[in-house]
Amino acid sequence: MTLSLAWALARRELRGGLKGFGVFLACLALGVAAIAAVGMVRSAIERGLTDQGAVLLGGDAQIEFTYRFANDEERAWMADKAQAMSELVDFRSMAVVGEDRVLAQVKAVDGAYPLYGTVQLDSRITLAEALAPGDLPGGVMEKVLADQLGLAVGERFKLGLQEFRLNAVLEREPDGTSGGFALAPRVIVLREGLARSGLLVAGTLFDSAYRLRLPENADLAALQAEAEAKFRDQGLRWTDKRRAAPGAERFVDRIGAFLVLVGLAGLAVGGVGVASAVRAYLEGKVGTIATLRTLGAESGLIFRLYLLQIAVLTALALTLGLALGAALPVALGPWIETQLPFPAEVGFYPRPVVEALFYGVTSAFLFALWPLAKAAEVRAAALYRGGIGAGWPKGWYLVAIAALAALLIGGAVWLSGMAELALSVAGGVAGALLALALAAMGLMALARRLGRSRFVRGRVAWRLALAAIGGPRAETMQVVLALGLGLSVLAAVGQIDANLRAAIARDLPTRAPSFFFVDIQPDQIDGFRQMLTDNPSVSRMESAPQLRGLITRINGRDAREAANNHWVVMGDRGVTYSADLPQGAKLTAGEWWPEDYTGPPQISFSAEEAEEIGLKLGDRITVNILGREIEAKVTSFRVVDFSNAGMGFVMAMDPAAVQGAPHSYIATVYADEAAEAGILRQLTKAYPNITAIGMKAAIGRVTETLTAIAQAVTIAALVTLITGFVVLIGAAAAGERQRRYEAAVLKVIGASRARILASFALRAALTGAAAGLVAIVTGAVSGWAVMRFVMESDYTFEPGSALMIVVGGVLATLISGLVFMLRPLGLRPAQVLRSQE
Amino acid sequence: MSEPVLKLKDVGLTLQGNAGPVDILRDISLLVPKGETLGLVGPSGSGKSSLLMLMGGLERATCGQISAFGQDLTALNEDGLARFRRGRVGVVFQSFHLIPTMTALENVAVPLELQGLPDAFDRARDELHAVGLSARGDHYPAQLSGGEQQRVALARAAAPRPALLLADEPTGNLDSHNGAAIMDLLFALRDRHGSTLVMVTHAPELAARCDRIVRLADGQIAGEGAA
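Read top to bottom, the protein sequences are chains G and A.
For the first sequence, position 755 (counting from the first letter as 1) is numbered 891 according to our numbering, and the numbering increases by one without interruption.
For the second sequence, position 175 (counting from the first letter as 1) is numbered 202 according to our numbering, and the numbering increases by one without interruption.
Wrong hints could be hidden among the right ones.
Facing chain G, according to a computed beta carbon distance under 10 Å, are these residues of chain A, among others [what the hints assert, rightly or not]: (1) M80; (2) G83; (3) T101; (4) G107; (5) L108; (6) G114; (7) M129; (8) A215; (9) D218; (10) R219; (11) H220.
Simulated from the structure, these hints should not be mistaken for lab results.
Positions of the beta carbon are idealized from the N, C-alpha and C atoms, including for glycine.
Given the sequences, and given the hints that come with them, work out the whole structure.
Now the structure itself:
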């Protein structure tokens, strides 16, 4: 009965229209739309990655080996299972035209490539035609590489000692995503063409991959289990179309979840608007509520009556938001598909809608519940005096608010799959809201105090501004909370972005080498070293032999199991050997083997990784190097610094342990920037097979990726700020009536319009600055926490972006306020004062 | 004399103002028998409206005892007071206090709906008819004149056939012509339902229509007598 009565009364109230609910609807709709849109794009990519699995991978399944090709037994097994097979080799090398040498990612394929999908070239010929040998073997490369080399179609380039003719420009390779992050642009040639190149000799760093087309009903899981049981200890790595691009999937998943969490911060800003809008609406309803109380309505009925209205409005806002969030990605579908490095199937996906719906409903009621609870406490006497009181709502309302908050945070933890980050964001938002509330209270108290001080004597504009900030019914709390939280998110993103860039752009190059050289053959290393020693521009050079090995067992147990899937055991790692403790290396435990040691194999392990895995001195580690299993005893731990892009090996073995294994050398060269080009020319001319990786270019690629991520996060953060701005406009609009009255009274007593405007502007600027200052503090704390605990890097306060935040805060409040300041100024006092009577 | 509808003993009301506590009412002791029409008069700020609010349970006394229909109002919480008023107490305000989002008919029906009466709207129509506003049932308060709004408020107060009618300067916002019409209606409703009526007024001619007058000054009863 009471619910149906509440609903009947609610319907009557809602007939009056949605006046006063613009901010409520906009805040909720914007937040939900942002979350839904991010989710839609994420789902589109996930669907793209799943549906295009075989094409992305280049086969139904792929078997990879590092440093070697498949042996006869492995080939026979693959031939037995597959309907068709394609063999290819992937490695880095220098593409050379005359004196120009540019790092390239070479893919040497066979005639069966690609098993799935099509390679897109800029001309009408097929890949087979482009690669077919004429007078020279053919090749295709990405435009960026051809441009760097100044190469036109039809002209020649070299890989190692072999010349090729560029027959077409490569536009898109179907299996381009699954390989993960590439440091260099792509070249495709036939593998036969490399026979006389001097590349792919023993010890060269390369990966061989075998793509399999399997019968339609093939059981991928069973085949994987069989292949791994038979060959994993020989260094086999299995991937199949079920998860063709796990790296991309993980990346998209993480970025998607992160953006949703940023969106949630936006929803929290919207929540401030929701709470303010509901409170303002209910304050306008005090008369109605008190009348209903006079007529005998209980507080429960009042609560239900307005709860139902909020529910209807929430439904409307969510419908708007979800429609916008779902439609936007579809409308921008073609553009999104071309912008992403992944295949995306833009369309309608229910999961993100449900997710956004959940966030929208819980946050709407979480923020509306407090004012609703206070409204239910309005007494009949409010017809004469009082209104919605201050203080805390009754116990069970608080329990409900806490339960909703827990539901929202729990939902975010579960839906994002990133518990730590979700909890950190929730803690950050709660902390920021608390800091902002305290700041608003502080500002109000300070304004009241200053308003009575000597400072404002004779300064009418100041007195009025301070009175308005600190006075009863001031908008200060609402503005500082909404704008401050929006700016806090932006400040945090700004601080993190600036710190990451600084870490890469400023710190790394001062310590990083100019070049990495790989694939230096053992018979070339002495000459290579000599050449660099003779060059006065080279300040430092380090070289080490390198093999690649896969840890298969730890103390006889499966390594992945024993190390709990630690990254060190999940793929091939570089292994070096040395008779002496390398220069600069520092042992943290154990002892290095004697110089002439020839006993059972010994291994020195990186201290930090050893601790993470739980290794102790004396543990036995089995490493598969080129199909050969070597079991070595851990006899020392040493400090390895991976952060300076120098040489860092997780594992070092005694020379006797890996004697006879084919290997190459890698070298890092530190040289004057001006001399870098000359050194590169000299070395690669003398040793055409070696590959140089320029650190500046590599850093450039990393920075590009970082920029794209930062842009995505900034867009998400901007939605937060826009929501904050909506709240701000709402607050300014709500205060217009009050300002109209103030302006009229001031005019009566002789204040000029300029003075009144100055007072209004001062009020807005002070509030905006307070929100901006708190945002800087919360942004800096968040930035520090992310840099320190997530990135494990140093944090430096970046004043540039911080200053922008304060300026932005002041401008935002000024602009939003200005719109609603000008109208009151234009009204004649009599007009306003009569309407107040 | 019949059993009193309202009994007030040593009642006081103190409110917290910005400058400290303010005594609104002190030592009020009063009996209002069933069927009586009592006028509360006194200068502005003497506490008339506050006393009326205490009688209707719209405000809670700081001290003393108030009982209505044998029920101790000081022992009831806000919801208990709301239940007490439901169907038993009708209140008419100087500022009408109609619900702006509801039509005249709906405004009158609300107290009946709160009582859970299935024929709330039929009865509301009858009440509107009784105050001469049958044709204005679908109009919102903003579309009605002051006099019409007060008639709707009267119909709403009378709709539950209350045993106690409280009126706070019901003609204070009306011109003399409308004021007189409203007073005629108010007394007619009282007669129709046999209600006890307590009325705050400044107008001597209205006070003259009451059975008894209580005069307040500075929050205390300064005198009483027959009108």
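Okay, the hints, checked on the actual structure:
{"no.": "1", "hint": "M80", "result": "holds, 6 Å"}
{"no.": "2", "hint": "G83", "result": "holds, 7 Å"}
{"no.": "3", "hint": "T101", "result": "violated, 15 Å"}
{"no.": "4", "hint": "G107", "result": "holds, 9 Å"}
{"no.": "5", "hint": "L108", "result": "holds, 7 Å"}
{"no.": "6", "hint": "G114", "result": "holds, 7 Å"}
{"no.": "7", "hint": "M129", "result": "holds, 5 Å"}
{"no.": "8", "hint": "A215", "result": "violated, 21 Å"}
{"no.": "9", "hint": "D218", "result": "violated, 23 Å"}
{"no.": "10", "hint": "R219", "result": "violated, 20 Å"}
{"no.": "11", "hint": "H220", "result": "violated, 16 Å"}
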